[in-house]
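In the working numbering, the protein residues as written are 600 to 737.
Keep in mind that the hints are not guaranteed to be accurate.
To be verified - Beta-carbon label-pair distances, calculated as ranges:
1) I695 x N723: 15 to 23 Å
2) T624 x G704: 26 to 34 Å
3) E726 x P654: 32 to 40 Å
4) S733 x A713: 29 to 37 Å
5) S733 x Q694: 13 to 21 Å
6) A622 x S734: 27 to 35 Å
7) Q694 x S734: 15 to 23 Å
8) P732 x G634: 32 to 40 Å
9) T624 x S734: 27 to 35 Å
10) I729 x V656: 30 to 38 Å
11) N633 x R702: 17 to 25 Å
12) N633 x S734: 27 to 35 Å
13) P732 x S632: 31 to 39 Å
Worth flagging that the hints you see were computed from the coordinates, not collected in a lab. Virtual Cβ for every residue (Gly too), placed ideally from N, Cα, C.
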Amino acid sequence: MRSSLLCVLTLVPVISHAGCQPAETLALSCTLSNGGQLALCWTPQQARLAYDKAPEVPAEVGVPLGDVTGLTSSDWASSTLISVGASYEVYLSGQIAGLNLIRDGGSPTSYICATGTVTGSLANLNEAAIYAPSSKED
Numbered sequence: 600m601r602s603s604l605l606c607v608l609t610l611v612p613v614i615s616h617a618g619c620q621p622a623e624t625l626a627l628s629c630t631l632s633n634g635g636q637l638a639l640c641w642t643p644q645q646a647r648l649a650y651d652k653a654p655e656v657p658a659e660v661g662v663p664l665g666d667v668t669g670l671t672s673s674d675w676a677s678s679t680l681i682s683v684g685a686s687y688e689v690y691l692s693g694q695i696a697g698l699n700l701i702r703d704g705g706s707p708t709s710y711i712c713a714t715g716t717v718t719g720s721l722a723n724l725n726e727a728a729i730y731a732p733s734s735k736e737d
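Using the sequences and the accompanying hints, generate a full structural model.
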């Protein structure tokens, strides 16, 4: 029985990196149209975005919570993580969501969430970011 269990466990696929850590709160997650995963998570100190540029090609960025610029309205929201060299805009309107990666001095890259896979809301993250100190403040 023990060897059967080990055999089964080795066949289970590795869970993608794109998920929240135990101390983090989920803002938004989805399966990307390229088959990868996207997760935007946060704590009172920071926001972390993990996504797959392509299947099996993970990327991750973390910024202080105060370096998140958020816009929320009744039918859409966006949260932009401002990092060195690039900004990462996660947007949501109903079940339409995705990520726009905007590199300083470069062309933008977009990642679209697959229909029906979007979970979460950006409103709480955006609200918390308003009151968090920015790393750009002196």
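Results for each hint:
1. I695 x N723: 15 to 23 Å: 19 Å Cβ-Cβ, so the 15 to 23 Å window holds.
2. T624 x G704: 26 to 34 Å: holds, 33 Å
3. E726 x P654: 32 to 40 Å: holds, 34 Å
4. S733 x A713: 29 to 37 Å: holds, 33 Å
5. S733 x Q694: 13 to 21 Å: violated, 31 Å
6. A622 x S734: 27 to 35 Å: The hint (27 to 35 Å, Cβ to Cβ) is violated, given that A622 and S734 are roughly 20 Å apart.
7. Q694 x S734: 15 to 23 Å: Violated, at about 33 Å.
8. P732 x G634: 32 to 40 Å: Holds, at about 38 Å.
9. T624 x S734: 27 to 35 Å: violated, 20 Å
10. I729 x V656: 30 to 38 Å: holds, 33 Å
11. N633 x R702: 17 to 25 Å: holds, 19 Å
12. N633 x S734: 27 to 35 Å: The hint (27 to 35 Å, Cβ to Cβ) holds, given that N633 and S734 are roughly 31 Å apart.
13. P732 x S632: 31 to 39 Å: holds, 36 Å
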